[in-house]
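Visitor: Here are the chains, one letter per residue:
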Amino acid sequence: MAESILFVLMAVGALVGAVTIVAARNPVYSAMGLLGTLFSMAVLYVLQLAHLVAAVQVIVYAGAVLTLFLFVIMLIGVDKSEDWDEKLPYQRALVGGLGGLIALFAGALTVSDDFDWVPAATITIPEATNGTIQAIAELLFTDWVLAFEATALLLTIAAAGAIGLAHYRRGQE
Amino acid sequence: MSWPEFGIIALRVVVTFVLLLVVTVINVWAERKIVADMQSRIGPSRAGPWGILQTVADGLKLFFKESVIPRKVELGLYLLAPFLAIIPAFLIFMMVPWGRPFMIGDYEVTLQGADLNIGLLFILAMSSMAVYAVVLAGWSSGSKYPLLGGVRATAQAISYEAAMGLAMVAVVVFTATQGLGGTLSMAEIVERQTGTWGDISPVLSFVPRWNIFPQIVAFIIFMIAIVAETNRAPFDLVEAEQELVGGFHTEYSGMRFAMFFLAEYVNIFSMSAIAATLFLGGWAGPTFEGFLPGLISGLLPTIYFLIKTYAIVFVFFWLRATLPRLRYDQLMTLGWKGLIPAALVWLVISTVAIGFRQFGAPWS
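If you read the protein sequences in the order shown, they are chains A and B.
Counting from 1, one number per residue, gives the positions in the first sequence under our numbering.
Counting from 1, one number per residue, gives the positions in the second sequence under our numbering.
Okay, chain A solo, but in the shape it has when bound (with noise of 0.2 Å):
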């Protein structure tokens, strides 16, 4: 029950900010509306019983990624509401088209209630609060860390890229 409310909650707070991000006017409130989305979608990993990934999720996109957004937001001064051109003449109609589709295949898949095309998704339930992390880092560790490696260093190369491009077009002026 507890769990349900939750989920209403939180689904409908993940919407709220997804049309926040592109409804606002102004690039803070949009960010603030991507901050609503991805948080709700931390308490609903919560809800999956996969506290790790809420907990990064948290730390990494709310924290690190929007508040860097937000600095470059103030430092560059977007922050003022602006009228923009639309730059893509066809995008309105095309977006409508796109959406009016999904909702129609939505729609007829609701009403016809034929799921049987959808994979039984195998559930198996993590012993809940003890456990994850645990499981998580074995994985990470034993199976994958190869890949786990790999995308450290490439992650490290973007970073030290990105300096060194930045220094680059300094020097030459």
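Just so you know, not all the hints are guaranteed correct.
[Stated by the list, open to error] To spell it out: a stretch of chain B is covered by chain A in this simulated footprint if at least three of its residues, at any positions, have a beta carbon under 8 Å from a beta carbon of chain A; those stretches are:
no., region
1, 115-125
2, 131-137
3, 141-151
4, 180-190
[As the list claims (entries may be wrong)] Computed from the model, here is a short list of chain A residues facing chain B with C-beta under 10 Å:
no., residue
5, Tyr29
6, His51
7, Ile59
8, Ala64
9, Leu70
10, Ile73
11, Leu75
12, Thr132
[To be verified] Pulled from the structure, derived: some chain A residues nowhere near chain B, Cβ distances all over 10 Å:
no., residue
13, Ser4
14, Val8
15, Val56
16, Val118
17, Pro119
18, Leu153
Bear in mind the hints are in silico, worked out from the structure with no lab data behind them.
Ideal placement from N, C-alpha and C gives every residue a C-beta, glycine not left out.
Please build the complex by placing chain B on the supplied structure of chain A, with the hints as guidance.
Guide: Showing chain B alone in chain A's frame:
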């Protein structure tokens, strides 16, 4: 979940909440008294004995003051920001165990808001949420000094959170060797610091098994980082009075200002409590079971916890009374070129040493 269980959890949260409010009232008074003493002043002395009711009087005053809302604010975010400041501040302390668990019948009562298995990550997550309050308050005030404070806060929080997290990692890696497997649960981390270092050498059998002794470098890095995280002197560039009037809370008054103020002091106490838990053994200490009545030896851990936490809170006040504020570039240099490399190097050294002790030399 049955009703009695729910009741106990609710009670635990409420008691933790009240504890936090009481210590905050004391902390505000203590800071004024300590700083006054260091500057050869008397400090608050009229309201109650030693002026201890001064905070209550100030709180009541702020409560009844008019909350002025300037005309140029972005209303929604302006009203939201004080709540964003205060909610993470309280949630962080919910993770800290402030007493030894005890049994009522066959039900174990833990003196802690909640014991999550991702306790430490939750603390990091909430402390990264806390920065939004400052940023949004600064931006939504529609005034230039608060905005500057907000921009400074963003950069400062990102820089010092990295160092804080890395110092925590060193502790977590070390804690993993102190028991079966690694853990991020605060209760478990305290549990593993009970006892003494007697098993390493009999000389050390009177030295408590606190993480500070093997992890002294991590402790120093963590202390610097939490002072910066709470925006306290000498890292209070966010609200530097001489440059930015009051920084992000310049345009706030009355109860809304009080909420920022409360959040700052709650954060000081929570962060000190976390430092005490991670490095000083939390509630661990001799309880003289059998010599003292059960109630007293049950209360002793809470007293140990408060003593350790207040020792660190005192350092916060001491720093404020002693150190001049850093310049902005000095702050960034210290964060990125000082603390983060130091934390990384320490993490490597500490991990190699732990691996060496645990598994022996790789060539043997």
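Visitor: Indicate, hint by hint, whether the structure satisfies it.
Guide: Hint-by-hint comparison with the structure:
no.: 1; hint: 115-125; result: holds (count 7)
no.: 2; hint: 131-137; result: holds (count 4)
no.: 3; hint: 141-151; result: holds (count 3)
no.: 4; hint: 180-190; result: holds (count 3)
no.: 5; hint: Tyr29; result: holds, 8 Å
no.: 6; hint: His51; result: holds, 5 Å
no.: 7; hint: Ile59; result: holds, 5 Å
no.: 8; hint: Ala64; result: holds, 6 Å
no.: 9; hint: Leu70; result: holds, 5 Å
no.: 10; hint: Ile73; result: holds, 9 Å
no.: 11; hint: Leu75; result: holds, 6 Å
no.: 12; hint: Thr132; result: holds, 7 Å
no.: 13; hint: Ser4; result: holds, 15 Å
no.: 14; hint: Val8; result: holds, 19 Å
no.: 15; hint: Val56; result: violated, 7 Å
no.: 16; hint: Val118; result: holds, 31 Å
no.: 17; hint: Pro119; result: holds, 31 Å
no.: 18; hint: Leu153; result: holds, 16 Å
Consistency with the previously given hints fails for number 15 only.
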